[in-house]
Amino acid sequence: MREHWCKPLLGTIKCNVDEAIFVDNNATDWATIVRDAMGDFVRCIFGFSHGMLEPFMVEAIVVRVVLSWLRSWHVDGVFLEIDNQQLWYALNFAHAN
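With the sequence shown counted from 1, adding 5 to any position gets you this note's numbering.
Calculated directly from the structure, the hints in this document are not laboratory data. One should not assume that every hint holds.
[What the hints assert, rightly or not] Label-pair restraints from in silico Cβ distances: (1) A42 / S73: 31 to 37 angstroms; (2) R48 / D88: 17 to 23 angstroms; (3) F98 / N30: 32 to 38 angstroms.
[Unchecked claim] With a Cα cut of at most 20 angstroms, we get these calculated DMTMM-like pairs of lysine to aspartate or glutamate: (4) K12 / D45; (5) K12 / D81; (6) K12 / D34; (7) K12 / D23; (8) K12 / E86; (9) K12 / D88.
Since this is a predicted model, take the numbers as computed values, not measurements. Where is the CB? At the ideal position from N, CA and C, for every residue including glycine.
Make the full structure from the sequences, and use the hints.
Printed below as a string of structure tokens:
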């Protein structure tokens with residue numbers, strides 16, 4: 006497991022996705038940041054929702070939003086970095102059967 010951020014390959018961009026659930030405030034926040042192959046900031050988006058969702062659902066919703074957002078840029082070579090293992094397996098092995 007890597008514990009530090011790594012630059013994407015030359016000619017690609019990296020999109021990091023994360024969420025935070027605030028039990029005491031009954032709220033969920035999420036953010037994504039895009040960096041280029043030099044590690045420079047490109048863009049970010051973030052969101053807020055009243056109510057708490059399971060981390061898997063929050064990250065799944067955010068990934069859907071992010072993929073739509075990235076598609077609107079007409080870019081190729083996107084590396085999407087998520088930290089929810091359950092979602093990672095769902096995305097990578099959805100068509101395995």
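Quiz item: Between K12 and D88, is the straight-line Cα distance small enough, at 20 angstroms or below?
Solution: holds, 16 angstroms
Self-check item: Outcome for the supplied range 17 to 23 angstroms, where the beta carbon pair is R48 and D88
Solution: With Cβ atoms ~20 angstroms apart, the hint holds.
Exercise. Starting from K12, check that the Cα of E86 is at most 20 angstroms away, please.
Key: holds, 11 angstroms
Quiz item: Holds or violated: are the alpha carbons of K12 and D23 at most 20 angstroms from each other?
Solution: Holds. K12 to D23 sits at ~17 angstroms (cutoff 20 angstroms).
Quiz item: When you take the CB atoms of F98 and N30, is the distance between them in 32 to 38 angstroms?
Solution: holds, 35 angstroms
Quiz item: Would you say the C-beta atoms of A42 and S73 sit inside 31 to 37 angstroms of each other?
Solution: Hint violated: Cβ distance 23 angstroms, outside 31 to 37 angstroms.
Quiz item: Given the hint that K12 pairs with D45, does the C-alpha gap stay at or below 20 angstroms?
Solution: holds, 9 angstroms
Quiz item: Are the Cα atoms of K12 and D81 separated by 20 angstroms or less?
Solution: holds, 16 angstroms
Quiz item: Taking only the CA atoms, is the gap from K12 to D34 under or equal to 20 angstroms?
Solution: violated, 25 angstroms
Hint compliance for this structure: hints 1 and 6 are not met, and every other hint is.
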